[in-house]
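If you're matching them up, the sequences are chains A and B in order.
Just so we're aligned, residue 1 is where the first sequence starts under the UniProt record's numbering, counting upward by one.
Just so we're aligned, residue 1 is where the second sequence starts under the UniProt record's numbering, counting upward by one.
Since the hints were made in silico from the structure, they are not lab data.
Possibly wrong hints are sitting among the right ones.
Covered stretches of chain A, going by a simulated chain B footprint (3 or more residues, C-beta under 8 angstroms) [claimed, not checked]:
1) 174-183
2) 305-319
3) 411-419
All values derive from a computational prediction rather than experimental measurement.
Beta carbons: idealized from backbone N, C-alpha and C, even for Gly.
There are 2 protein chains.
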Amino acid sequence: MASSTLSLSLSLSLSLSSNKQQQQQQPPTPLSSFLPKPKFLHPPFNPKLISFSTPKIICASSSSSSSSSSQVMDPFVSPTQPLAPTVVDVDLGDRSYPIYIGSGLLNQPHLLQRHVHGKKVLVVTNNTVAPLYLDKVVHSLTTGNQSVSVESVILPDGEQYKDMDTLMKVFDKAIESRLDRRCTFVALGGGVIGDMCGFAAAAFLRGVNFIQIPTTVMAQVDSSVGGKTGINHRLGKNLIGAFYQPQCVLVDTDTLNTLPDRELASGFAEVIKYGLIRDAEFFEWQEKNMQALMARDPSALAYAIKRSCENKAEVVSLDEKESGLRATLNLGHTFGHAIETGVGYGQWLHGEAVAAGTVMAVDMSYRLGWIDDSIVKRVRDILKQAKLPTSPPETVTVNMFRSVMAVDKKVADGLLRLILLKGPLGNCVFTGDYDRKALDDTLHAFCKS
Amino acid sequence: MASSTLSLSLSLSLSLSSNKQQQQQQPPTPLSSFLPKPKFLHPPFNPKLISFSTPKIICASSSSSSSSSSQVMDPFVSPTQPLAPTVVDVDLGDRSYPIYIGSGLLNQPHLLQRHVHGKKVLVVTNNTVAPLYLDKVVHSLTTGNQSVSVESVILPDGEQYKDMDTLMKVFDKAIESRLDRRCTFVALGGGVIGDMCGFAAAAFLRGVNFIQIPTTVMAQVDSSVGGKTGINHRLGKNLIGAFYQPQCVLVDTDTLNTLPDRELASGFAEVIKYGLIRDAEFFEWQEKNMQALMARDPSALAYAIKRSCENKAEVVSLDEKESGLRATLNLGHTFGHAIETGVGYGQWLHGEAVAAGTVMAVDMSYRLGWIDDSIVKRVRDILKQAKLPTSPPETVTVNMFRSVMAVDKKVADGLLRLILLKGPLGNCVFTGDYDRKALDDTLHAFCKS
């Protein structure tokens, strides 16, 4: 009973914090001159797209001074007064959950522990991330909470291991460790780990709780949020999986300090996507701040992650199971998945393939007469700033594209639906109603027959 | 639009039929003298268990003469006026679905076709059932409906193939056939096929529609209803899966004509279970009619299937995800799963293991002083009548039981909860609050250390 009360009071203090406190949270090198005024509670993005529901988006942050009573009650708040996280809520009724974003969050055990169910935890990670952060996560899970036991399973790193054989290692470990339905899985890593751990949690004993701790930009801005989980099949990406929501997503931006440059840039492909499909203002901010992002400026990164999560949370709240709107988050992904499958999983990073795929989708949109050429140029320019590819590898042919795109999840009764830009910057459509010649022309413009 | 209207009018005609019509549906050799008066709409079973909700249980049947207008509108109604099915509804809000029960239902294409989504169907079956019924099912799916294309995948028959390698063959076939999200999977076979096809449908493209056509007593009275799907792990049964509901369950009782005696008896273990846990009147009916069931008397079989489905539907409607009540359907299953895993999958049929497990659970209940010895005797007697085992095989030791039971899905925070009988016939509890000595004594009474 005591711990429930504690958790409630902490949640309230996070949600009710003021704008003044939000500003106190800025990292040491503020880039506030780059940031648009905070006005997300009345978002400017395509009002027509959100007219059929009113999502709850909370973009509040709190300082540790927000409530002295919650500090007294909380045994985990350290005397050094750690920065409180920004919180973005994903509003899905009784499956709602918070995304915590901030620096040093893995040093604040109460954030993780309030979402752990049962007495046993299985951390799923890979051989790149484990040496860097596994001990820290175990410490965060167990500090002041000796009744929890933590097991871990370390998978090989890479998209080429996002398969059933590797997934079985998670089940093996869970069963050998005698985990029961009241356990919690924790995904510690990038998108591959999050997708696999989430699907394992969905299927183990027909469903156990799980927590996402994404450690790459790609996972922090996109894949850890929204409950899409799954694995690849040799014939196509993410063809086996489940919609399964986590208990929370914990984004400790400090984990980006160890991220290779190529992985960093890969994540920006998804950040750029949000701007193109629904948030022109964010795209314009990116055009001005891409150099700061590439230089890992902490406040620029924190803002890009927060704003991306807000966009993702809003779309997922409106269309969890991808009946329509959510599909727009896949701009460039149908082309991109074909590149990843065609060239071999793990050869190109997901964001690299999405970047080239986005250029192809934008090219096709222009051929259809749906956008003007200034958007085509701006897309190429920002991707080049991010050092991302703007065309597919030469080895992927038109026929390889056609073959992989035919098994894409967005095919319905034989018709391939695509996300294409249409109208001013920040607007897109999800449609199967387009001239097939434009698709053919795009494929032939970018690759060999 | 036309087909939607048609489907609605047919559904209504099924639900609104009269008792007189129900009697017309009786098979040629009526056993009406054995049957209790129909009063299931006001069920006598443990009212305390259903006090927190009011499930909708419809046990209506119709004759083809119930509505001439629906006959005129329906191109599939044959001139020989086939018997209309009994319908039991599983009430789960927007995931509700009907169970159709009757003779010759595979000859009534409209029953299946009204539940097929999209233009592509994948029938999942095994090498025993395919030669008997696959052509018939394909015919039923395509008669008068040329726009649907049907693929099939034939798996090896047996519990030992309920594993990930075999499941992957379903995904391979689905992807190679370019099935999309608007396809329908059809499970044609016993419990193993239903569980595997259901899990494949849950995970393929993160979820597609599916239909259950159970062809064994075990599947018709239990496993096809309620949405539990999954596969085995070498260390335990059904440890990987999903709760995923079908669009409908179609029980054509004619398929039992080809069922081997041993499979027939195996299914009766689950029928007996319903009587013991919640339906004393049904158990008493079984005591009088087990010989008729073993002799495959059509009306006795039809009644046992219907009443079992009504019990299952009621429990599933009240507790879909097994928070509590639904676990009672697993009487004897924790012991039984240990037998199946310990002796090797496929050596004992599921119902044989459940039968022996039920005797062990009843023995333990008696040791705890929760039931009197007359119930112990009646359970042994009815299982013997059904030619089912009343003790585990000699090769399964006390330690094997303990090891497998430790990973049972009903373990919570390390405590094994069991379904045990308590009180008069027809009452049970799901509890971890029992004297461990009674469990030890039962294990030692039935097997070697």
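Now for the hints, and whether the structure bears them out:
Coverage of the stretch 174-183 of chain A by chain B holds [criterion: at least 3 residues with CB-CB distance below 8 angstroms; count 6]. A stretch counts as covered by a chain when three or more of its residues have a beta carbon under 8 angstroms from one of that chain; for the stretch 305-319 of chain A and chain B the count is 0, and the coverage is violated. Only residues whose C-beta sits within less than 8 angstroms of a C-beta in chain B count toward coverage, and the stretch 411-419 of chain A has 4 of them, enough to reach three; the restraint holds.
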